[in-house]
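Enquirer: One-letter residues, chain by chain:
2 protein chains.
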Amino acid sequence: MTQNARYHHGDLHDTLLQEANTLLNAHGVEGLSLRKLAERAGVSRTAPYHHFRDKNALLCALATQAFAQLDEIIQRQLDTTGNQPDIQAFVIEYLRFATENPEQYELMFGRTLWKSGEPTQELKQVAYRSFRRYAEGLSALLQGRLPQGSNPLRVAQASWATIHGLCRLTIDGIYVNQEDMEAVSQQAVTLILAALNSTKND
Amino acid sequence: MTQNARYHHGDLHDTLLQEANTLLNAHGVEGLSLRKLAERAGVSRTAPYHHFRDKNALLCALATQAFAQLDEIIQRQLDTTGNQPDIQAFVIEYLRFATENPEQYELMFGRTLWKSGEPTQELKQVAYRSFRRYAEGLSALLQGRLPQGSNPLRVAQASWATIHGLCRLTIDGIYVNQEDMEAVSQQAVTLILAALNSTKND
DNA sequence: GGGGTTATGTTGACAGTGTCAAGATCATTC
DNA sequence: GAATGATCTTGACACTGTCAACATAACCCC
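The listed protein sequences derive, respectively, from chains X and V.
Residue numbers for the first sequence follow the UniProt record's numbering, so the first one is 1 and each next one is one higher.
Residue numbers for the second sequence follow the UniProt record's numbering, so the first one is 1 and each next one is one higher.
The hints are all genuine.
For identical chains, the list gives no copy identity; a pair is met inside one copy or between any two copies.
Capping the alpha-carbon separation at 30 angstroms, the derived lysine-lysine pairs in BS3-like fashion look like this:
no., residue 1, residue 2
1, K55, K36
2, K115, K55
3, K36, K115
4, K55, K124
Hints listed in this document are in silico derivations from the structure and should not be mistaken for laboratory results.
Hey, can you work out the whole structure from these sequences and the hints?
Expert: Rendered as structure tokens:
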């Protein structure tokens, strides 16, 4: 029996994830169909169902993978900056991930899984852990530089919302102008820093 | 001929938009199918195609309507606050619109139209005008209160990104906790105000 | 090794989707 | 009153996710 004509694929689970990522990058979530994916993996339409409960589960698996990647970037950034908090670098790295992996980012934070679909237990855990780590790390970076009456966790969440908003605007095709995008993110950082340097609020 | 059995609907265009909004609110974009919509309007599957080129065009029309609503809210807010800029109120109003009309907001700013679909020329115009108005209005609110070296337009865009990010997080089902959401948005406003009150940046 | 169990892969089928083509009906206009 | 265009209908097609039933291979225990 030749290797090409064997009945069992042997590594379909991983192959599916890999090919799915390829299709995702090429045509977006809306262009990712299980049937095309199966064909691409050289397997029949329903074979993927033996490895993922349904399409939603597959997408959750992709998102989980992506969270691991972003997690690593965030952790590395938080470790590197160490005692000398560099929010600018942090934001740049975060934005870089989102703009270089727009479809993954969409999957991680978009309504496809969180609202329309049903996020896997696994995805929920990974995502929440990621949120927590992010918030804690960032609030550690901000420690002692906050305006009076500010809650470090809330500040971290608010500034994350800012960065996230920038990512969404870019990813969703609203800021088509790359130059504008950079200027705006630059200004966002400046804004955050200005807030941090102020010692008074009301 | 009875009114119920007449061949021509008479007001299908508007009826479609209205019923589409109902379906949108009830089941989201992903639950809005042209066939269900046609049935709901008491008309055959392909009748809508005589009033909208395709599904994308119908969704663009819905988004255009929604932009008009948000536009009005923004304009009213900017006029009301007048000489006494009240960013807090502005943010609250914006967030209110988004949380009360989540599906419309998704349509207005989501990838459904801007990335996956093809935004109508009309939608583009309305949207860009809305963006511009928003940015100009907000930057007028901020005038004279900015940290040195800040570009008012950029600040407006950056703070819009913050608000937009909060909206997305809520709408996409990531901040399920309403209480958290309010605290974070509160903090975001505080952050912006703190930045404005600071006279120095870097 | 042989037989039963489980994992994996296949074909067939179904309901649902957007959309095109061709024809039916009505409203309007010359 | 006939012709033209707007509106609506049925029929059809390709595509989607997913279930049921069956086929094949791998694995494990006696």
